[in-house]
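Residue numbers (the numbering used here), protein chains in the order written: chain A, 57 to 399; chain B, -1 to 138; chain C, 21 to 366.
It is possible that part of the hints are untrue.
[To be verified] Distance condition first, Cα-Cα at most 30 Å in a straight line; then the derived DSBU-like pairs of lysine-lysine:
#, chain 1, residue 1, chain 2, residue 2
1, A, 313, B, 88
2, A, 123, C, 23
3, A, 130, A, 179
4, C, 347, A, 179
5, B, 75, A, 257
6, C, 193, C, 27
7, A, 313, B, 123
8, A, 189, C, 347
9, A, 254, B, 88
[Said to hold, decoys possible] Taking beta-carbon pairs under 10 Å as the criterion, some of the chain B residues facing chain C (in silico):
#, residue
10, 88
11, 137
12, 138
[What the hints assert, rightly or not] Derived list of chain A stretches under chain B, where covered just means 3 residues or more per stretch with a C-beta under 8 Å from a C-beta of chain B:
#, stretch
13, 258 to 272
14, 281 to 291
15, 363 to 374
16, 390 to 398
It is worth saying that the hints were derived from the structure and are not from the lab.
Ideal placement from N, C-alpha and C gives every residue a C-beta, glycine not left out.
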Amino acid sequence: MVEVEKIREEARRLLQEGQVRGVIGYVRGPQGVWAVPAMIRNPEDVDRLVWNPTCVHNLVLFVVEEKKEQARQKEPDKRPLAVVVKGCDSRAINVLLQEKFIEREEVILLGVSCENSGVVDKKKLLNLVPSQKIEEIVYGNNGHIVAVIDGERRVFPPEEVLADRCLECQANFPVVYDHFFGEKIKKEAINTSPGVDKIEKMRLEERRRFWEEELSRCLRCYACRSVCPMCYCTECVVDPISFAVEPTTTAEEKAKKIKWIEKSPLLSENFVYHLVRAIHLAGRCVDCGECERVCPEDIPIRLLNKKLEREAWRLFNYVAGMDSQAPSLFSTFKETDPEDFIR
Amino acid sequence: MNSEHEPKIVAFLCKWCSSAGSDMAGVSRLEYPSNVIPITVMCSGSVSPLYILSAFNLGADGVLVSGCHPGDCHYIKGNMYARRRMALLKELLPYIGLEPERFQMSWVSAAEGLKFTQIIKEFVKQLKPLGPQTQLRRSL
Amino acid sequence: MEKVLKKSDLGQWVARLKDFDLYGPVRENNHWEFNQISQLANFPEDYTQVNVPLKKILLPNREVLFQFEDNRNGGPYLQEVLPEEREVVVFGVRPCDARGIVLLEKVFSSEIPDIYFERRRQQVYVVGLSCYPLPGENCFCLSLGGGPFSTKGMDILLTKMQSKYFVEVLTPKGEKLIKAAPEYFFNPTDKDQQERQQLERKARAMFTRQIEGVEKIWPVLSQMFESPLWREESYRCLKCGICTYLCPTCHCFDITDEISSTAPLQGKRVRVWDTCQFPDFTMHSSGHNPRPDKASRLRQRIMHKFLYFVETFGDIMCTGCGRCVSKCPVGIDIIDILNKVASHGA
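With the rest of the complex left out, here is chain A (with noise of 0.2 Å):
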């Protein structure tokens, strides 16, 4: 069991003694049970720091976030940032490694285990029990979730309220850490993906018509890629102007710009939005689920990032976020890849 007051302590420690510019960590949100990310930066603030299924953000999104923002700075402060880290997102972190994005010193990491459980989904749980008040939600035996509901306790197996994402699950602990906390539980995926085998079955026209009912409803809100800490580019394809324009880009330069996609929520503009997105994240997704579980309209955007990832291990053995030291998916080739592809 993870004990969040030995995290609680190990943070106090950090910022007491000067170690950290801040931790990043879990909240109690305004919304009684689910946890928010939060910055604390004062040890007599570390108390509000919990651990317990709702904490389903992937934090190094914010340690991105403070990256950019430590460059804006005139003095930046040097110290490191401890965060918070479930197995997934310590492999985010190993792809920033990867991408020299952040050097290892910069961070100190609070790895946790989901040991043999993960987080909640809320949407599951919510249709479980339905505007019912939920008090608290912990981790009870064998992964099962429990929920105190009015006072009474109920459980769930993990299968009912588990995210897709941590069923799907197979390195449930952190794989890069300064500090651990809890068990390292090897835990039997059920199914890698179930939902990308389902696709696969299909006919080609079956795809499309799926994929074209699923990204018609796409709003362009953007939350998969503001939620998603591989996204860290300052300009990406389909902002409409340039975040790369400084005072001195000529008119000239502006001009040349390529508006690769219109902002219009059009089908085949969001086709091509995510498919560039998913080609994108492919061999760096490490499949923490935020797009899918951000996604106002429930756009299964994970099943595009899981064929990636079930190619990149089918064609070249590859894993994302698993070793900061080996070359990433597409800076390196192996002169036996695959080519029966090309004439």
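Here the structure of chain A is known, so what remains is to put chains B and C in place on it, guided by the hints.
Same frame as chain A, now just chains B and C:
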């Protein structure tokens, strides 16, 4: 299916091999269908998947990426990087319902004018029965 | 005019509305959406609230304004494009969303009317559904002068009772809809009246979320431009567009040209949704961004709704639907923030 449809193919040809190969086809007076719009790039490794998706988005019925044979890359290994990237894109496109024939890759050297014409002929033949590509095509 | 309609007759009445395009709540994956429907037998028991509010029809996320063509001989040629002529009835609109229309009207139908919005507004018939029980856990319309039985912005308000719908016909447009099948509508009895009043009382007592003293907010806000509150509350913001895209009153847009052919130059000028929460919303072409961080963007969202709009139009630009609270992926809670603002003034 519309058998009268004349498919439009966007071909990204590397400057050193495939583009020279297409020139070879021209100077050798080899005939091949005029459906192809060649875009010379410095290396097949410089072709971003975005270019390919954008070509489909702007109305291509098929996209070809062609580079030097393995070992012949002017930049030593650009084509090997391309091979990895395109392998994944090749899997992704049919996954969302696009006919696999619409995206192809080839190795064509500067001497292989004949191979270039054969690839284009074959590509056009495969695309014709499929009709126009509408899935990724922008229609305003 | 007040009527009652037997529950079993709803489908019959809707079937008579053949001249209209009908929209109603349809279940999609995990949420509800206003989609085109061919019939409506009843409102499902688990229908809560649609994801994208009615502005999806009134202020679509892509509105073509005109087409253009650069004809070499005749010079540039423009052609106005107006929304297609079709009358639309939307069923199951919750009071908060209907009130959203009234607020949108203040922007788009005031001094300089927006012809696209006006045309769509004229063509839309709003058949509301009152809220008992409350559709969402973050409903707070009561704090903002609305209510679970509010009729603002509606043509008809339906209230689901034991065996009947209580039908409040509010406008001539509403009367037109009733006239399509007058035989199904009866005058309410005293008992019906009582049942409806009782439901409203019960619904009003159900609210768990509220803003204490909403009238205190705007004078306090005007003093809070530099408050550290914005930085604290926005730290976890993702810069996505969910809160504003799903808001029934947010209406900011971008205008862009979409080119369909370069020779000859042909294309359309379109209006698409945009949001103050995107970092590039205020980006100048010089590269300067006057709202450079999340704090200033969150402040803008709150200030626009609870201060600037009040100053310009005399009303709060929020109807308390609770979507931005429920749908925010990182739990940014406008109710919580407003209560903190109100306490600053105390």
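Hints, verified against the model:
1. A/313 to B/88: 28 Å, holds
2. A/123 to C/23: 63 Å, violated
3. A/130 to A/179: Violated, at about 43 Å.
4. C/347 to A/179: Holds - the C-alpha atoms of residue 179 of chain A and residue 347 of chain C are around 11 Å apart, at most 30 Å.
5. B/75 to A/257: 36 Å, violated
6. C/193 to C/27: Between residue 193 of chain C and residue 27 of chain C the Cα gap is close to 22 Å, so the pair holds against 30 Å.
7. A/313 to B/123: 36 Å, violated
8. A/189 to C/347: 18 Å, holds
9. A/254 to B/88: 19 Å, holds
10. 88: 29 Å, violated
11. 137: 8 Å, holds
12. 138: With a minimum Cβ separation of about 5 Å from chain C (threshold 10 Å), the hint on residue 138 of chain B holds.
13. 258 to 272: Coverage by chain B holds here, the residue count being 9 at a Cβ distance below 8 Å.
14. 281 to 291: violated (count 0)
15. 363 to 374: holds (count 6)
16. 390 to 398: holds (count 6)
The structure shown violates the earlier hints numbered 2, 3, 5, 7, 10 and 14.
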